[in-house]
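Engineer: Residue strings, one per chain:
Number of protein chains: 2
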Amino acid sequence: MKVGYLGPSGSFTHNVAVKAFPDDERMPFANITEVIKSYEEGVVDYAIIPVENSIEGSVHETLDYLFHQAKIEAVAEMIQPIKQQLLATSKDKKIEKIFSHPQAIAQGKKYIKAHYPNAQIEMTASTAYAARFIAENPAEPFAAIAPVAAAKEYGLEIIAKDIQEMDENYTRFWVLGRKKYAFELFKCQQKVSLALTLPDNLPGALYKALSVFAWRGINLTKIESRPLKTALGEYFFIVDIDNTNEALVTFALEELHLLGIDYKMLGNYDVYKL
Amino acid sequence: MKVGYLGPSGSFTHNVAVKAFPDDERMPFANITEVIKSYEEGVVDYAIIPVENSIEGSVHETLDYLFHQAKIEAVAEMIQPIKQQLLATSKDKKIEKIFSHPQAIAQGKKYIKAHYPNAQIEMTASTAYAARFIAENPAEPFAAIAPVAAAKEYGLEIIAKDIQEMDENYTRFWVLGRKKYAFELFKCQQKVSLALTLPDNLPGALYKALSVFAWRGINLTKIESRPLKTALGEYFFIVDIDNTNEALVTFALEELHLLGIDYKMLGNYDVYKL
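Protein chains in written order, with this note's numbering: chain V, 532 to 805; chain U, 532 to 805.
Hints may be right or wrong, so weigh each one.
Pairs involving identical chains hold if they fit within one copy or between any two copies, as the list cannot separate such chains.
Derived DSS-like pairs: lysine-lysine, alpha-carbon spacing no greater than 27 Å straight-line [what the hints assert, rightly or not]: (1) Lys-602 / Lys-683; (2) Lys-692 / Lys-533; (3) Lys-753 / Lys-739; (4) Lys-760 / Lys-640; (5) Lys-722 / Lys-753; (6) Lys-602 / Lys-641; (7) Lys-640 / Lys-710; (8) Lys-641 / Lys-710; (9) Lys-692 / Lys-644.
Treat the hints as calculated values from the structure; they're not laboratory data.
Produce the complete structure using the sequences and hints provided.
Structural biologist: Right, dumping it as structure tokens:
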């Protein structure tokens with residue numbers, strides 16, 4: 532079986548792919564759109580992409596593509612703790628320039644300020660690219676902020692461990708696929724994710740949509756508006772709901788339709804903690 | 532009077548500053564945080580920052596800073612249409628590399644693919660920086676995607692006009708200040724923006740918060756969740772409400788407090804169309 536993921540090797544998504552599909556053929560793609568397309572075109576059987584981080588928020592590229600352009604559902608969610616390391620080609624390296632993804636730079640800001648106040652900062656497309664780049668330039672005074680997996684992948688030393696500011700840093704990843712897969716991982720929740728489009732001619736439409744879940748005691752774990760890209764102030768709504776009582780959720784979804792509220796199913800999935 | 536804005540000269544925010552405060556001293560700052568800080572520290576009397584674009588969505592740097600770190604309110608909102616131009620130092624320039632902000636690049640993607648399929652793309656921190664950079668390198672085969680104001684500011688030619696993909700492209704800007712200001716512009720709406728923090732021990736808290744507005748017929752123009760940066764799945768909610776009936780909104784806010792739902796006022800403002 533083939534599994535696509537947001538590459539390169541050593542990225543957080545790669546780490547999820549290794550844990551979820553240890554024995555399958557894993558294929559890296561350069562960006563989120565390419566990963567989703569590889570699945571749409573049948574190049575891979577499952578695809579893994581990031582959806583939301585506890586500090587930075589939703590990954591818009593993922594949610595916008597799934598809403599606007601794809602007919603694909605998430606069949607599993609993986610929650611992974613995010614820990615950042617300062618890496619270099621050797622432990623006694625003089626460090627004048629630090630490379631990483633903007634989110635990782637933001638996460639390591641306090642550490643860098645305290646230990647390398649004069650270092651130049653360079654933004655890269657991902658943490659794994661930063662690691663690969665400094666590994667390819669061992670003569671330069673370079674360091675990278677990246678996960679442990681990137682150190683292993685590119686033969687780098689960990690100069691400082693877990694330099695991220697907040698301990699409570701997690702990312703949600705979705706596994707896209709045609710059917711659920713029984714992962715040998717710790718399952719902690721069942722959820723459904725919907726994208727609601729509200730009719731213009733239904734006053735208080737969002738309130739009514741939420742009522743459908745509220746009076747049944749169905750828990751909402753997330754609600755977020757995203758621009759419909761038509762006009763300012765027109766949104767679709769991403770809603771994650773607890774799917775422990777599947778029959779009750781089925782009734783709620785039927786009632787949404789009866790009220791004239793359209794929804795697109797983004798996923799019906801089990802949640803696993805890594 | 533001094534007015535801070537997200538610079539440099541020629542940016543969309545600069546354009547708003549010129550229209551809103553034509554006769555005042557306008558000061559550019561390098562990023563959104565610097566603009567807000569200049570206001571907090573009393574360097575400027577008003578500050579102008581982008582809040583939301585109709586295609587890309589909210590500007591998280593603005594909303595997160597105002598929620599987490601500042602005690603500042605928006606006193607006006609300016610809505611500006613966004614139009615992108617392809618600029619170069621002369622009309623017959625050979626174009627091999629195109630510079631711009633990622634959002635403007637995304638907006639002009641179709642045009643570039645059709646007319647400059649082989650051009651290299653370089654991302655910059657803002658459209659105005661891209662314009663300034665190509666103006667400083669007139670011997671190179673460079674072009675930039677930027678607004679009309681940037682062409683004027685840096686003496687560039689417009690090679691192609693309005694290359695953005697969607698016509699319905701608008702950005703909301705907030706004017707931060709201590710008191711409302713009577714702008715000589717077209718006023719179209721009155722709004723209040725709140726950041727709600729929901730108590731853990733109130734089941735269906737979001738639904739209850741929305742009920743406070745719904746049964747009074749107060750229109751919500753936006754609702755969006757942002758991570759609280761504490762744990763995955765903990766959010767605050769940015770809610771924009773129509774403030775045409777101010778007395779009714781006052782009652783609704785009082786009732787929110789009585790229900791145990793905290794809110795931070797992000798702004799109470801008139802909306803102007805530019």
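Engineer: Look at each hint and say if it fits the structure.
Structural biologist: Now for the hints, and whether the structure bears them out:
{"no.": "1", "hint": "Lys-602 / Lys-683", "result": "neither (36 Å within a copy, 45 Å between copies)"}
{"no.": "2", "hint": "Lys-692 / Lys-533", "result": "neither (33 Å within a copy, 45 Å between copies)"}
{"no.": "3", "hint": "Lys-753 / Lys-739", "result": "both (17 Å within a copy, 15 Å between copies)"}
{"no.": "4", "hint": "Lys-760 / Lys-640", "result": "between (34 Å within a copy, 16 Å between copies)"}
{"no.": "5", "hint": "Lys-722 / Lys-753", "result": "both (11 Å within a copy, 25 Å between copies)"}
{"no.": "6", "hint": "Lys-602 / Lys-641", "result": "between (42 Å within a copy, 23 Å between copies)"}
{"no.": "7", "hint": "Lys-640 / Lys-710", "result": "neither (41 Å within a copy, 35 Å between copies)"}
{"no.": "8", "hint": "Lys-641 / Lys-710", "result": "neither (43 Å within a copy, 35 Å between copies)"}
{"no.": "9", "hint": "Lys-692 / Lys-644", "result": "within (16 Å within a copy, 44 Å between copies)"}
Of the numbered hints stated above, those contradicted by the structure are hints 1, 2, 7, 8, listed in ascending order.
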